[in-house]
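If you're matching them up, the sequences are chains D and S in order. Using the UniProt record's numbering, read the first sequence as starting at 1 and increasing by one per residue. Using the UniProt record's numbering, read the second sequence as starting at 1 and increasing by one per residue.
Please keep in mind that the hints were generated in silico from the structure rather than gathered at the bench. Quick reminder that beta carbons are idealized off the backbone N, C-alpha and C, glycines included. Accuracy of the hints is not assured; some may be wrong.
Across the chosen pairs, the derived CB separations fall in these ranges [unchecked claim]:
#1 D:P41 / S:E123: 14 to 24 Å
#2 S:T114 / D:P42: 24 to 34 Å
#3 S:A80 / D:P42: 55 to 65 Å
#4 S:L83 / D:D103: 40 to 50 Å
#5 S:M99 / D:L117: 42 to 52 Å
#6 S:V108 / D:P41: 32 to 42 Å
#7 S:T114 / D:G180: 56 to 66 Å
#8 D:Q99 / S:L171: 51 to 61 Å
Reference listing, derived: stretches of chain S covered by chain D, where coverage requires no fewer than 3 residues with Cβ under 8 Å from a Cβ of chain D [what the hints assert, rightly or not]:
#9 99-112
#10 122-130
#11 145-159
#12 163-173
#13 180-194
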Amino acid sequence: MLLRKLIGAEVTLSYKIISRAKSSWDIVAGVCVERLPVVTPPLNEIQQKFKDLLWTIETEKSLKSDHELRHENDKVQAELLKNEAVDVDLDAVSKITAQDFEDAATDELTQFKFADLLTDADKKGVKSTPERCLQRHLILVTEQKLGKDAKNILPQGLWKEGETLRQTAERILSEQCGSGLKVKFVSNAPCGFYNYKYPAEINGKLGAKVFFYYANYNEGDVDKKSKPNWLTRNELTELLPEKYNRTVQSFLIEETN
Amino acid sequence: MFSSLILNQLSRLTLSSASKLSLNTRNISSSAVVQFRITDQLCAEPLKKKKKVDPAIIKAREDRRRKKLEKQIRKLQKNARQLKPIEEIEPPLHLMDQMGKRKRPPVVLSAEETESRALLLKEWTRYKKQEYMANVAQIDRIMAAQRRALDMLYEESEDLYNEAIMPDLQLVPCSFTSTFSTPPIKNYESPDGEYIDVSKKWGTK
Numbered sequence: 001m002l003l004r005k006l007i008g009a010e011v012t013l014s015y016k017i018i019s020r021a022k023s024s025w026d027i028v029a030g031v032c033v034e035r036l037p038v039v040t041p042p043l044n045e046i047q048q049k050f051k052d053l054l055w056t057i058e059t060e061k062s063l064k065s066d067h068e069l070r071h072e073n074d075k076v077q078a079e080l081l082k083n084e085a086v087d088v089d090l091d092a093v094s095k096i097t098a099q100d101f102e103d104a105a106t107d108e109l110t111q112f113k114f115a116d117l118l119t120d121a122d123k124k125g126v127k128s129t130p131e132r133c134l135q136r137h138l139i140l141v142t143e144q145k146l147g148k149d150a151k152n153i154l155p156q157g158l159w160k161e162g163e164t165l166r167q168t169a170e171r172i173l174s175e176q177c178g179s180g181l182k183v184k185f186v187s188n189a190p191c192g193f194y195n196y197k198y199p200a201e202i203n204g205k206l207g208a209k210v211f212f213y214y215a216n217y218n219e220g221d222v223d224k225k226s227k228p229n230w231l232t233r234n235e236l237t238e239l240l241p242e243k244y245n246r247t248v249q250s251f252l253i254e255e256t257n
Numbered sequence: 001m002f003s004s005l006i007l008n009q010l011s012r013l014t015l016s017s018a019s020k021l022s023l024n025t026r027n028i029s030s031s032a033v034v035q036f037r038i039t040d041q042l043c044a045e046p047l048k049k050k051k052k053v054d055p056a057i058i059k060a061r062e063d064r065r066r067k068k069l070e071k072q073i074r075k076l077q078k079n080a081r082q083l084k085p086i087e088e089i090e091p092p093l094h095l096m097d098q099m100g101k102r103k104r105p106p107v108v109l110s111a112e113e114t115e116s117r118a119l120l121l122k123e124w125t126r127y128k129k130q131e132y133m134a135n136v137a138q139i140d141r142i143m144a145a146q147r148r149a150l151d152m153l154y155e156e157s158e159d160l161y162n163e164a165i166m167p168d169l170q171l172v173p174c175s176f177t178s179t180f181s182t183p184p185i186k187n188y189e190s191p192d193g194e195y196i197d198v199s200k201k202w203g204t205k
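When you get a sec, could you build the whole thing from the sequences and use the hints?
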């Protein structure tokens, strides 16, 4: 009985090893480079309402600031001056009132020019740079040659004997997008899986198994020859093949509002 | 016979000649009883004798040490109840003086206002709950995607799988920047001015 069990285990194990050895699939590493939002996304209705409420309660419960005290004092002094009270100490009347200070500060604020939320790329409709849609998550999509036709998908490439999949992912990214692109891989493990069949067998391989690695964009530009596009979630849905898109979005954070 | 014996013995005093003569340098000999003996070379000196101290003095010394410790403990116990004020959390005195001036008139809320605030709070709670549930579902989904990828990798190659599940030590320490409320201005030079740090240094000196 025990012997039979042992033999059975042995057989399944060796079967596994054999089936692995003559695997008829190419191992491919894909890289999902994401640029995280730079600017906080706009608040939705309820968030805005609740924020306002918190702000009112906070003001109600607070104590008066130095500036407010100064403002009140100014008012009292002005009142005394108007009534020509005898005991007005002219030195005590400040030359610059709190109101003046407030006006000057407001002036300075209005003169300061904040950077535009819509970048140049947004205005021109250019998608090849990560400096667009600052409030959104962006995914790097490049043009890949699959057989005869070119497709817009995530950068990917064949695994070579002797390297780990993570190394493959890093190599592919620097090969295809140039060494100027700086990213941070966040794991040794793949975050997603996708497989597709070749139209005809290539070197005895049925198709490719793609293992996606996730990385965060740090800085630098992508080589133009790979025809890069930085796309939001909605644009991904439009551009990528349907099943592929579903796989990619299954390991990405969903964008609310 | 006798002369050779003498030579035998004295040869130890002159080591160089002994080796030359190749005579028996040990005290073992097959001849008659050897009467001449030389003390052993020890290459060390005898140990010093331990000084004896009067036990009464030792006891007195011990007592003094114990008393000193007990005194310290008593002193600590006496002060245990007293707490030392922490300077940095004491409100400044001038603010305490102006407390009356700084208080705002109490806000009287209308019934409608109170009601609308309560409703908003409830709505907010519901919203946060939904958000939380969505977050949990999202994390589940992402973890499932990774699990599937790892399972598929295991099927394909166990070596690659083992490499993939290794921890990435480059990630420690790890830092992320959060979002900003306005986009950063490129090549922005902040206006001139001096930065003077007036914050006090707290902690032990």
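Now the hints, each set against the structure:
1. D:P41 / S:E123: 14 to 24 Å: Given a distance of about 20 Å, which is inside 14 to 24 Å, the answer is holds.
2. S:T114 / D:P42: 24 to 34 Å: Given about 29 Å between the Cβ atoms, the range holds.
3. S:A80 / D:P42: 55 to 65 Å: The hint (55 to 65 Å, Cβ to Cβ) holds, given that S:A80 and D:P42 are roughly 56 Å apart.
4. S:L83 / D:D103: 40 to 50 Å: With a Cβ separation near 48 Å, S:L83 and D:D103 satisfy 40 to 50 Å, so the hint holds.
5. S:M99 / D:L117: 42 to 52 Å: 43 Å, holds
6. S:V108 / D:P41: 32 to 42 Å: 37 Å, holds
7. S:T114 / D:G180: 56 to 66 Å: 59 Å, holds
8. D:Q99 / S:L171: 51 to 61 Å: 54 Å, holds
9. 99-112: holds (count 6)
10. 122-130: holds (count 3)
11. 145-159: Our answer is that it holds, as 11 residues pass the Cβ test (under 8 Å) against chain D, meeting three.
12. 163-173: Answer holds; 7 residues pass the 8 Å Cβ test.
13. 180-194: holds (count 7)
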